[in-house]
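Protein chains: 2
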Amino acid sequence: MSQASFQGVLAPVLTPFRPDYEINSEAFLTHCRWLLDQGADGLAVFGTTSEANSLGLDERVDLLDYLIDNGITPDRLMPGTGTCALTDTVRLTRHAVDHGCGGVLVLPPFYYKGVSDDGLYASYAEIIERVGSDALKLYLYHIPPIAQVGISLDLIGRLLATYPDTIAGLKDSSGDWKNTLAILNEYPELATFCGSERFLLDTLRNGGAGTITASGNVNPAGIKKVYDNWEGAEAESLQAGITKLRVCFEGRPLLSALKAIAADFYSDSNWSIMRPPLRALENDDARAIVKELAEMGFRMGDTDRNA
Amino acid sequence: MSQASFQGVLAPVLTPFRPDYEINSEAFLTHCRWLLDQGADGLAVFGTTSEANSLGLDERVDLLDYLIDNGITPDRLMPGTGTCALTDTVRLTRHAVDHGCGGVLVLPPFYYKGVSDDGLYASYAEIIERVGSDALKLYLYHIPPIAQVGISLDLIGRLLATYPDTIAGLKDSSGDWKNTLAILNEYPELATFCGSERFLLDTLRNGGAGTITASGNVNPAGIKKVYDNWEGAEAESLQAGITKLRVCFEGRPLLSALKAIAADFYSDSNWSIMRPPLRALENDDARAIVKELAEMGFRMGDTDRNA
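Protein sequences appear in the order of chains U and W. Numbering-wise, my numbering puts 232 at position 232 of the first sequence, and it's gapless, one number per residue. Numbering-wise, my numbering puts 250 at position 250 of the second sequence, and it's gapless, one number per residue.
FYI, nobody ran anything at the bench for these hints, they're computed from the structure. Be a bit skeptical, because a hint or two may be false.
No distinction is drawn between identical chains; accordingly, a pair holds when it is met within one copy or between any pair of copies.
[What the hints assert, rightly or not] Result set (DSBU-like, lysine-lysine): computed pairs, CA atoms no more than 35 Å apart in a straight line:
#1 K291 - K244
#2 K291 - K113
#3 K178 - K113
#4 K244 - K178
Nothing here was measured: the structure is a model prediction, and the numbers come from that model.
For reference, chain U alone in the conformation it holds in the complex:
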């Protein structure tokens, strides 16, 4: 894991839109800066939470250029670059590597279902060979509840054996702690991130690298405090606090709920807009979650209270 380019708490950054569903780049940049100010160790832009799969290729390229042109340090960026199509994934991955991004988070090709490990191995191998750069640090993205196509323990091992200097880590969004633990035990050289902060303390205690988590968009400081204190006496109670919040988010459509919270924080109702096919919460539901969280003592950006 000493070779890994990231550890700690990363946020898959929410992507704000304008009423015409175009990306609001300025608001995105503001949010990226806020996350880093709050202690996020990295920005996993263009993740599932970012609605990245609803963004076009050119939009992703332009938005990454924009962030870097405006001073976001590339080594803090782990853009999602995995698409259904080999050539598109290569294009996005090469673009990120050319910018000096610290890593890329790569979904398996996810349109065709029931594909073999041989086919997925060939996919990742072809991406790596075509990009052909020692600077490529590839993080595997395992999220079977959404992508349906997952990354097996065996596939991880095969890829690590062939590309030990390129396969840097993995994000496990299976929601299955047994799977995360198996990866941690079998591949300690991999920087393994849990996909929900519910598992952060357990991940760290078993040698993991941290978490890349949707709710890192609204509670980065609180989650970071668990990371910073995982060996301390307060670790369990800090973990209990962030788990309680996460459960509250999960009671709603998670992405829409997070955007509703951001809209409240930034005092910008447009922040709640989601690009089709996803939908914003109804106003009443948005107000309800902000109120419920406030009653739990949580307010986005209120670091002293949350962390």
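Starting from the known structure of chain U, arrange chain W on it as the hints suggest.
Coordinates of chain W only, in the frame set by chain U:
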């Protein structure tokens, strides 16, 4: 259905690759011409069978340009243009419309699962509004076994009500005849295509437009004969013949099997190559299916025997 731009038998054209997984455009053009010569009523290029979801955006644009530059009549083309991302789908759809393609076959955005009909309605509406052309003839693509995200009866009705001149038809690849029949009964104005020729006669008898079927790549003339004779005395036995063949194809990984048959027909072993994550059949399996079909009296391109 009189407004529909297509009817009959369409093939979702297989895409041949070179050993380095690049598209073999010349071989693709040859196959397109062969299909039309064999009586295919249209070419649904860039379908699921075409491995289109493994093709990059630029590759799809370039390949459509190439076909049309080389004399394939645009009004015979129904390219697949649906991707996960609104802006990419708009780009591909606009490109097809600008070329005068007879229609486009549009998957719903398929990354995010469990999305609402409201969200899917907004997706299709936004595509139609952004393309903004009376020339757009949009065919909805319902293939829940692979895309997971499907198109409900209610969604079809809502889209037809708002865009009666644009929503031209639908391909039902659910494999569920009850669903196809419900669409045929509820929306007779829609040009409904079954996604497998197993249902061709039933589709036609219930007012449907025809079939867009993977095996149309290897048996277009045989399937066309059912279409041409569906009201004749031989209809049932012709249907039984193409059903028997289809069942044989389905005993294998369908796409790989079809490419193995094409490799034999074109005497070009590279025709069997599939782009990752899909995989070619092993040589023994490829030989076995060609042999088994020959024993059933089928040989690709042997129109007299097959049809």
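Results of checking the hints against the structure:
Taking the shortest alpha-carbon separations for K291 and K244, only the intra-copy value of 15 Å comes in at or below 35 Å, while the best inter-copy value is 62 Å. Within a single copy, K291 and K113 get their C-alpha atoms only as close as 41 Å, which misses the 35 Å cut-off; across copies the closest is 28 Å, which meets it. Within a single copy, K178 and K113 get their C-alpha atoms as close as 23 Å, and across copies as close as 24 Å, so both meet the 35 Å cut-off. Taking identical chains as interchangeable, the C-alpha atoms of K244 and K178 lie at most 35 Å apart only when both belong to the same chain, with a minimum of 21 Å there against 45 Å between chains.
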